[in-house]
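Colleague: Next come the chains, spelled out residue by residue.
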Amino acid sequence: MKSKYILLTFSSLLLASCGGNSPVASSVLESKQSESSLLSSGLDESSDYIAVFESSNASFYRISSTYTIKSGASVVANGESAKQVYVGADAEGFDTKIEWLRGSKTTPAGLEDNDVYVTTRYSIYHSVSETYTLQENGAYKVTAEEHPNIVPYACPFLFSKGEGIKNTLNRFEMNVSGRVSDANVSSFLGNAISSKEGIKDLSFTITFSAKEAYLKSLSLFFNKDGFAVSQTYRFSSTNSPLSLPKA
Amino acid sequence: MKRKNALFALSSLLLLGGVVASSVSFSPVYAASNSEQDEEFRSRCQSAVDALNLGFDTEKVVADFIVEATGFYGAKFTWTSSNESILSVEQILNENGKALRNRVHVFRPEVDTKVTLTVKAAIANHENAYATRTFLLTVLKAVAIPEDSLPLEINEDFSDYDAGLDLGDYYSYTQSGGEGFLSTIVDSSDENLSNVNDMPSKHVLKVRSSVASSDTRYTRKANVSVALAPKGAYLEGDYLYTGKTNGVGIELLNSSNEIVSGINLSSSGFKQYASGVYTDLQEEAPKEGVWLHFKFLVRPKSGYNVLQVFDRACGSYVTYGTKLGTFIKTSNAGLSSGKKGDVTSFRLVSSKGSAFGYSYLANLKLSLTGSEAPKNYNRSNGIGFIDNYEPEIFAEKSGLESLSSVDPKTFAVHNRFDESKVYAVNSDYTVSTSSRMVSETQIEYTHEFVLKETGEKQSIQQNVFIYEEGDKPSFSAMKFGSLRKDGTDKTSGTITFSGLVSRPGATFHYMLLKKGSAAPTIEQVIAGDKVSGFADAGSATLYSRSFSISSNLVSMSNNYDGYAVLYSEKGNSDLVSEQNISTVININTVDDFYAMATDVNTAYDTFRLTNDLDFSSFYWNLKNDAFEFHGKFDGEGHTISNLAIASATAARVGIFSYCYGDFGNVTFENAKIFGSGNAGIIAGNLYGGTYSDIHVLGGEVSVEPTFTGAGEGYFGAIGGRSRGEGKVGTYSNIEIDDFKIECPKYCGLLTGGFESGVISKLDTIYASGTIDTDGAAVGLIGRNRGDTTVNNAIVNLHIKDAKKEVGTIAGHNKEGGKLAVNNAILDLKIDMITQPGYFGSFIGSFDAASSSYTANNVSYIKEDYSHISESITQDVKSIDAGDAIYKPSTKEAWEQKTFLRDFDVSTSFAYDEEENKPYMRLRNESEIKFVAFDYLAYTENLSETDPSKNHYLLIKAGNVYSYLSSSEKAKVAQAKAKYDACLAAYNEYAKKAGELADGLNLGE
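Here the protein sequences come in this chain order: A and B. Counting in the working numbering, the first sequence runs from 1 upward without gaps. Counting in the working numbering, the second sequence runs from 1 upward without gaps.
It should be emphasised that the hints constitute simulated quantities derived from the structure, not laboratory data. Glycine residues also receive a C-beta, built at the ideal position from the N, C-alpha and C atoms. Do not rely on the hints blindly, as some may be mistaken.
Said to hold, decoys possible - Derived pair list, reagent style BS3-like, types lysine-lysine, alpha-carbon separation capped at 27 Å: (1) B:949 <-> A:70; (2) A:70 <-> A:161; (3) B:978 <-> A:196; (4) B:800 <-> B:887; (5) B:231 <-> B:114; (6) B:862 <-> B:740; (7) B:623 <-> A:200; (8) B:727 <-> A:141; (9) B:818 <-> A:141; (10) B:623 <-> B:244; (11) B:969 <-> A:246; (12) B:375 <-> B:365; (13) A:200 <-> A:166; (14) B:818 <-> A:246; (15) A:246 <-> B:761; (16) A:141 <-> B:479; (17) A:70 <-> B:991; (18) B:141 <-> B:114; (19) A:70 <-> B:978; (20) A:200 <-> B:949; (21) B:632 <-> B:570.
To be verified - Away from chain B, derived, C-beta distances all over 12 Å, residues of chain A: (22) 117; (23) 128; (24) 163.
What the hints assert, rightly or not - Here are the computed distance ranges between Cβ atoms for each label pair: (25) B:477 <-> A:111: 46 to 56 Å; (26) A:164 <-> B:995: 49 to 59 Å; (27) B:978 <-> A:122: 31 to 41 Å; (28) B:988 <-> A:122: 24 to 34 Å; (29) A:181 <-> B:974: 44 to 54 Å; (30) B:988 <-> A:221: 20 to 30 Å; (31) B:988 <-> A:201: 47 to 57 Å.
Only chain A is shown next, with the shape it has when bound in the complex (with noise of 0.2 Å):
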């Protein structure tokens, strides 16, 4: 069925889909005022915020990760990335679920390469019935594969282990903080991180509007391999359609 989608804006939605793991609605159902009623307004305490995170769900979202790596006072890597599933008009212009990954990584270099630092690219586009990937040459190449299960991003931190948690209102936005023991690392990453062994010294900030409590960031702290980590990620509306790119 053609069905009309409703461009949803930043300021109608509470983005991230953490805990939640209903699938993408087949139309974009989700009105402005069901969506409004997750929220409270004057939240005050902390662990009202991250409650409405936990809980919040949605069903087209951005999210995106930035990350510096570094060595001492020099940054070794960095990167960026960004998940966006939203639906989008096929090569016929109908409806489809487009799930979008997109990102580039500036890691150090091997001695055989030019650069000191060599930088990757990727950028992979699912519908329900095929892959698009970016090639080297520009192009995308295009692969049959079924992906019947296009699903919203699930938050996978266990705020529950934080400890110390603080939280700072900043006139528009809530600042809550916390820190994770070593022990709890693993639980509390989920599977956000592959590989987890060896982070030590986790800490963690998230960032809500003050108002609703719309969700703009979450950043971490840590280290690893005698490398210091700092990532955040962000979460935003789609507030443009996605079309498959040309093959």
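Could you slot chain B onto chain A? The hints should help.
Modeller: What follows is chain B alone, placed relative to chain A:
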């Protein structure tokens, strides 16, 4: 971006030119005493001056000429004249004040005067060890200029002019030609020509063949209009030649200086201008020393032309060429380019080439009708060809005294005006013989014949090769050819054996074995035994000195070792052999190279250059402009010097017209290509192909000087332009230095353009040179309309003049152009530009709607362009991509602040202290002399605590270590241990950081 190693795993390397970087020291190559050094350098200077050739007749100097400023071994020449009022030397300098050449101005005196020109050669830092050479020149007196009105009207008779017309000084002629000023090729005929023939009149032009790299031309206005000559007009005259000549051309031009019609008369035959080039009209050569009368009709408006030569035996004209009625029509035969129009000038052309003979023209006349019964200026008697003898003969030593075959009285001497007549010895002619021993086994006889009636002489030579009855046969020369296909059979072919033998009656035996088989014995070769690896054997009895024998058919898929021996009852020769005979064709001479470029039968073959080639005295006869090369050429690191190819009319000019194949591992020194468009050293047009390890040092690709139109454009050092939908061209390790491009439009140091659909991959490019054009689209690549990637490039582009669209990488990037540049340093200097806002350090003109570009790690040198305009506002389409940097002031700054840091700087890029910039030079691997110090300079700065700082140092140290000798490696054992530890730490650090980053990206 993967780093390119300096050595690129090649036998000839992309290396430095002996420039010692401040942090790198080389072992001294030369350790002789000062006196020995002086003598060595003096000897080099002597070689340099000995090699000088002024290239013209020093007895008859009438016009300015050019002499070199440098020679072999880098010797610098200083020229002085004994009489500056007659010969004045002027240095020609480049923008940096460096002497390029010297122009010698000629001021003709009132009487013929001898002037001495002295050249002194010296090598830098060894000025005391110089050498000199003198040239004695005779400068002819000035000739009064006639004041006849111009243009020349129809029915004007040249014989009205003074005898000894010196066109080089005649005001109504304009001299032109790329090297025309190098030689005086037209002079008066005032010598005794009794040995040739009588002169028909005193009004004779003598034209010496031009041995310069291009034609020399003399142009005179004319007036053959459709109104005046509706049925055309005739240019006729009498022609005679002596010696082998490149010939004289007569070209009729329209108001755009385009050739409407043209002919060429030479010792090899007649040619007609057709399809943009001269094509042969007859195979039979005209007779030497016989006046022939020619009549050349041109109907300019309709483009008809026809050459007629009077056959005196028949009493009528013979017409040459394709005929349409009595005419040759443009569309059929000749002027396929459609050049028509009134004839407003004609020009005499002294054709370039390797021959040194003379052509004579007499009684030139332009008329509406032409002569029907031309006067015969020839005598009735003259020595013609001589036959009935063998030029090379064997003679047994004991029979030398009675050797009848060297008695010239038995030879047949023909009358050249009537070859059926044979003169009688003593009554008609006398003959005398002299001889000299060339060697113990060779006598050269010279027989001189003198015709009694005219006194004219002719000499011929015979060589007698002496043997004794008991001598064993031997090879005086022996060559194994390559494996060639036999007809259309692709699976089998033959190998040709050729050479010279020492005596008659020997039997030549050969054997071919599969490559690597054990060598046979002489007896096995003679017997044709089927030894292990046997492929073929055969024999032939030889009676003449030279021989050429082909093998039986053998498989084309094998490589062979060849063996040959001469057998006789008196014994055998030594066994000669050549290993690894295959389909690869060896190029040993300039003729071999020319054959590669012109022989369609080998256009798909593989060639290798076996030694250096010098084309200084080779005339490249551009037979056609459609030759396709699909094969492979490996220069094996050799150098090709002074290659010169020129044509004002060919559609494509270069070694090949089209190149589809692979070409590389070669250096071109002072290559000069002149054309009207689509001109490049390797080919006028490149259709894909692989071009690697090509070094172009000096030289130029320019418009042919007599070509005056805009033409198609596309001039570049490697190729005029690249074409072909989907064709992939790769260009790696290309060095273009001190190069010059002068063209109407679309000019690139590398190529004039990459066309739509072409995929071009450039890697490790050094290009430095000047471009001078009145047109647009100028850069490393003139026009980019293809998909082009440039990795690792240094481009120093100096614009002498241009109209617009000047970009260091690409003049323009439009119409689907896709340009990606990674790692580049760009330096753009502009002397003049017509549209001063239309240039960019990266792209001169970019169309964002249709095209794209990326620039990664690109730097360009900030330049002050205020001299080209008071206020420069660059067009929005001009692209400056990358980082603007002030030119680094030191080698270290270049290395550290530009992409050069990523290269094996110590071996790939040298540093020019004088110019303060990196450049590239060739150097053999054996010349790289790194020592322990060079290694330590890098390892001592390795950080043992912070691996992230060691990337550059580890690369450099690794480079240097690979060149250290065993003894030098022993000296740095401790540093090597530190290096190894730091290398391990770096690899661990890079691995860990990479893995960490991998886990932080979403959804990867």
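Colleague: Evaluate each hint against the coordinates.
Modeller: Going through the hints against the structure:
Distance hint between residue 949 of chain B and residue 70 of chain A is fulfilled; the C-alpha atoms sit about 13 Å from each other, no more than 27 Å. Restraint check: the Cα-Cα separation between residue 70 of chain A and residue 161 of chain A comes to about 26 Å, which is no more than 27 Å; the hinted pair holds. For the hint pairing residue 978 of chain B with residue 196 of chain A, the CA-to-CA distance comes to about 33 Å; that exceeds 27 Å, so the pair is violated. Straight-line distance between C-alpha atoms of residue 800 of chain B and residue 887 of chain B comes to about 21 Å, which keeps the hinted pair within the 27 Å bound.
Between residue 231 of chain B and residue 114 of chain B the alpha-carbon distance is near 51 Å, which puts this suggested pair outside the 27 Å criterion. A hinted pair counts as satisfied when its Cα atoms are at most 27 Å apart, and residue 862 of chain B with residue 740 of chain B qualifies at roughly 23 Å. Among the hinted pairs, residue 623 of chain B with residue 200 of chain A is inconsistent with the structure: their alpha-carbon atoms are about 79 Å apart, more than 27 Å. Pair hint residue 727 of chain B plus residue 141 of chain A holds up; C-alpha atoms about 22 Å apart against a cutoff of 27 Å.
Of the pairs offered as hints, the one joining residue 818 of chain B and residue 141 of chain A holds, with about 20 Å between alpha carbons and a cut-off of 27 Å not exceeded. Restraint check for residue 623 of chain B and residue 244 of chain B: satisfied, since their Cα atoms lie roughly 19 Å apart, inside the 27 Å limit. Between the alpha carbons of residue 969 of chain B and residue 246 of chain A the distance comes to roughly 56 Å, so the proposed pair goes past 27 Å and is violated. In summary, the hint linking residue 375 of chain B to residue 365 of chain B is supported, as the alpha carbons are separated by about 14 Å, within the 27 Å threshold.
Distance restraint check for residue 200 of chain A and residue 166 of chain A: the Cα-Cα separation of roughly 20 Å lies within the 27 Å cut-off, and the hinted pair is therefore satisfied. For the suggested pair residue 818 of chain B and residue 246 of chain A, the alpha carbons sit about 17 Å apart, so the restraint of at most 27 Å is met. Straight-line distance between C-alpha atoms of residue 246 of chain A and residue 761 of chain B comes to about 24 Å, which keeps the hinted pair within the 27 Å bound. The suggested pairing of residue 141 of chain A with residue 479 of chain B is violated, with an alpha-carbon distance near 56 Å, which exceeds 27 Å.
Between the alpha carbons of residue 70 of chain A and residue 991 of chain B the distance comes to roughly 14 Å, so the proposed pair stays at or under 27 Å and holds. The hinted pair formed by residue 141 of chain B and residue 114 of chain B meets the criterion: a straight-line CA distance of about 11 Å does not exceed 27 Å. For the suggested pair residue 70 of chain A and residue 978 of chain B, the alpha carbons sit about 25 Å apart, so the restraint of at most 27 Å is met. Taken as a hint, the residue 200 of chain A and residue 949 of chain B pair is honoured in the structure, with Cα atoms around 25 Å apart against an allowance of 27 Å.
At most 27 Å may separate the alpha-carbon atoms for a hinted pair to count; residue 632 of chain B and residue 570 of chain B exceed this at roughly 45 Å. Consistency note on residue 117 of chain A: stated as away from chain B, yet its beta-carbon is not over 12 Å from all of that chain's, at 9 Å minimum. Consistency note on residue 128 of chain A: stated as away from chain B, and its beta-carbon is indeed over 12 Å from all of that chain's, at 17 Å minimum. Non-interface status of residue 163 of chain A relative to chain B is upheld: no Cβ of that chain comes within 12 Å, the nearest being about 23 Å off.
Between residue 477 of chain B and residue 111 of chain A the beta carbons are some 53 Å apart, a value that agrees with the proposed interval 46 to 56 Å. In this structure the supplied range 49 to 59 Å is violated for residue 164 of chain A paired with residue 995 of chain B, their Cβ-Cβ distance being about 30 Å. Range check, residue 978 of chain B to residue 122 of chain A: Cβ separation about 38 Å, and the 31 to 41 Å hint holds. As the Cβ distance of residue 988 of chain B to residue 122 of chain A is approximately 25 Å, the hint placing it in 24 to 34 Å holds.
About 46 Å separates the C-beta atoms of residue 181 of chain A and residue 974 of chain B, a value consistent with the hinted range of 44 to 54 Å. Checked against the hint of 20 to 30 Å, the pair residue 988 of chain B and residue 221 of chain A passes, with Cβ atoms roughly 24 Å apart. Range check, residue 988 of chain B to residue 201 of chain A: Cβ separation about 22 Å, and the 47 to 57 Å hint is violated.
In the structure shown, a violation is registered for the earlier hints numbered 3, 5, 7, 11, 16, 21, 22, 26 and 31, in ascending order.
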